[in-house]
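Keeping the supplied structure of chain A fixed, place chains P and R with the ligands upon it in accordance with the hints.
In case you want the letters, here they are:
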Amino acid sequence: MYGISAIALEKTYGSFRAVDSLTFNVKSGDIFGLIGPNGAGKTTTMRMLCGTLSPTAGKTIVGGFDIAKESIKIKTIIGFLPESTGFYNWMNGEEYLYYFARLYNIKEPIARKNIRDLLDRVGLAAKAFAPIAYYSRGMKQRLALARAMINDPKILFLDEPTLGMDPRGQQEIQKMLLDLNHEKGVTIFLSSHALTDVSTFCNQIGILNRGRLIAHGSLNDLRKLVNGSTRILVRILNTQEAISKLSRSPFNNTIDKVTEESVDFIISDDNIEFNQLVDWIRKENFKLTELRQIKMNLDEIFLRLTNPTYDKHSTPVTIKKSPSPQVGQTPSK
Amino acid sequence: MKIISNKITLSEKSKGNTIGKRINWSFICVYLLILAIGLSILLFCWSPIPIAFSQLSSPGLNSSFSENALRINISNPSQIIHELVGKYIIVYANLNYLKTDKTSDNSSIGGIAYISIVDIKDRVPVDLEDWSVEKGLYIPSISPGQSLPLEWNVRLVKAGSYTISVLFNENRNPFSSPIVSSRINLEVAPKLNLNPGNVLPVAFGVPAVLIGIFGTLNYLRGRKTGVYK
Amino acid sequence: MIIYRLEISGSIYSWRGAAWIITAASIFSLVAYLLLTDKELSLLDQGEMLFTFSEVIIVLGLVMSGINSSSSISTEIEAGTFECLLLTPIKHVQIAIQKMLSTVTIWIVLYLISIPYLIVLANGTNLAISAILYVGLYGTLLSIAISTISIALSWMLKTSKNSIMVALMIVLLLSAPSLFFATSLRKTDFGIMLENINPFSHTINSLDSVLVDNQQAVYEQFTHIWPVLVFTIICSIIFLTFTRKFEVKML
Ligand SMILES: Nc1ncnc2c1ncn2[C@@H]1O[C@H](COP(=O)(O)OP(=O)(O)OP(=O)(O)O)[C@@H](O)[C@H]1O
Ligand SMILES: [Mg+2]
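Protein chains in written order, with the working numbering: chain A, 15 to 347; chain P, 524 to 752; chain R, 116 to 366.
Hints were generated in silico from the structure; no laboratory data involved.
Check before you lean on any hint, since a few could be wrong.
As the list claims (entries may be wrong) - Output of the computed footprint for chain R on chain A, the stretches with three or more beta carbons under 8 Å from beta carbons of chain R:
(1) 66 to 74
(2) 112 to 118
(3) 224 to 230
Note that beta-carbon positions come from the ideal geometry of N, C-alpha and C, so glycine has one too.
Next up, chain A with everything else stripped away, as it sits in the complex (with noise of 0.2 Å):
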């Protein structure tokens, strides 16, 4: 059974296209990843699966509910945290999750223990009960998230969720929802811009781009998208015809970086025979130090695939450094 199955998905602004014909199907107990631009519509995406925004045309079925007809069912399996969070400032977190509690129709003790269980788990059990105005940037969005979970969802929404937390933070959110994963097996839908995370965290990646979905699997599915995206990197040791005798190699080769005592290249082939690569060093002579294969991280499948000019037939540019993920392609408007 599919968690969530987004069915023709549209969201018209005017005559703009804010999401387009999006199709997609996340199995119960994935940890999926939506990535993709600003203005991709991944906010878009989410608000329409949650019940907040009605899409202009097609359906949406969450945890086997059609949200058209059962969105008060849907409300309480699911939670989201949306992209920015308000909150009543004269509250203290405690009375904040309580309130919430409360709206979910969650009976009194049973509520205060979820929520000294969630304070914990989201490190806000010392703040508990100070006024939300003096919370800092991560606190809000540690309390966000424990809002999120007042109702022991199965299928969770998270808009980025990690935004603005400090790194130990972003790891114990992680963990956190890992063990939310492993052990309940909740459904977890999440935006982010933190690649390296998404890739080691979500066994589903989805990749949007003007409101399209133009990738949707695994990170291995996603390379295979993507020319080039297996590389080798070779060092030798730097001798005088090292560098010219690079030159005529019959690899698609790139010299990456030159030091006194050594030679680092790059073969990016699809389908390099390894033997082949071994027999031509020895052939060369070259005094190998390191050999060791290169796999392409999120960033550079991201930048890749959004990439407006990017053909995915062309010979692959090598990145030599990888960019913060953040400058990924605007669309126009």
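What follows is chains P and R with the ligands alone, placed relative to chain A:
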């Protein structure tokens, strides 16, 4: 693995200016409201303002000797009424249609009987709007030999000296002078509602109590949440 | 009634409602004190004083209802707390109704506070009970009407700036003819027509006739009560139809 769409083209379609085309509801509402307010003010100002009461002419001296032998007179027992401001008085009057031999046609007459109150000190007629609910009494017909009792409830709005008279405009001849009664005097004494003894505790007490209540509630809460130590 | 309870404690602890109540009490004190101690003003008849004071209560109640109810929705929309509310399994109409009731509750507190003033001002006349009852009746009806219409408006307008402004304009539109225009202006055909459809004018005229002209019986005031009632019902219907579903929109 699924590839939903891998062709990434710059879709020109999505470039449309969405902001300009959407209707901005808030602007329309505000605009309409301003328009409505402006319009209503304009309409109010343009409507002909009745120059009420300022031209209420004093009746001619000999008008009570009407050719129709109509008489009107105030029938209150005393010529001068003393009362406190805020009280009500009743002005009684009688409209008589005397039977005379001279009257050739004995048909009945209709008209309006009305009251006039003039402030002596300020030398203006008062605004009857505040003083009396029924300003004019319409009399459909009175036949010769008949006598009609009339009365006006008058509320004494302001202290001062006044004269009261009642008048009758018959509706047969639009150019005839109204017939008028003789005047009586009205002395309205001021009544001071100076009452600081009663209002002071309430006026100062209520806000103080409220501030106290809300202050305490917030302080207690502050203690709980650790704002005040 | 969870949202209602939150609104009430919020209006105490965030001083939103508390400020209204204290301000209203201060204005009541000022007006009552002036009425009873100022030489010129205290020449007024007591009924007249009560009438003036009732007008102050009603107008304050209307302004409070308009601003408080529209801001209670729109500030939540702006602060981003509303989206979380919409995620809970609560009907949207419920949210709106509970918000509306919390504003009406503040009106009721405001009204209860005005009662001692009314009693002091009516001291020595038979008008105290009538003043209290009629102010309560009209104030509550109008407060419900203004709260419902303001919430429906902020439901659509979404920003607090716009919705508070529009709510205030409605209050002004209702009250301006009665408060600021001279009698003669109101006696024109158009003015009479406006008075007949304006619930606020009916309220003022009714209070005038109760307190100044001493027509205290309910049947005498019925011609004024039913238009106000109809207005309240119309506002409530608008409210119920517009607040059925809320759409989150980024602005
Ligand atoms: N109310 C609206 N009216 C018009 N356009 C809108 C509206 N809401 C969203 N959009 C547009 O829809 C597109 C998708 O927005 P969305 O917030 O889903 O992006 P996102 O992927 O979440 O971006 P980010 O990474 O910055 O959070 C954007 O181009 C945005 O401008
Ligand atoms: Mg977003």
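The hints, checked one at a time:
no.	hint	in the structure
1	66 to 74	holds (count 3)
2	112 to 118	holds (count 5)
3	224 to 230	violated (count 0)
This entry does not satisfy hint 3, going by the numbered hints stated previously; all others are met.
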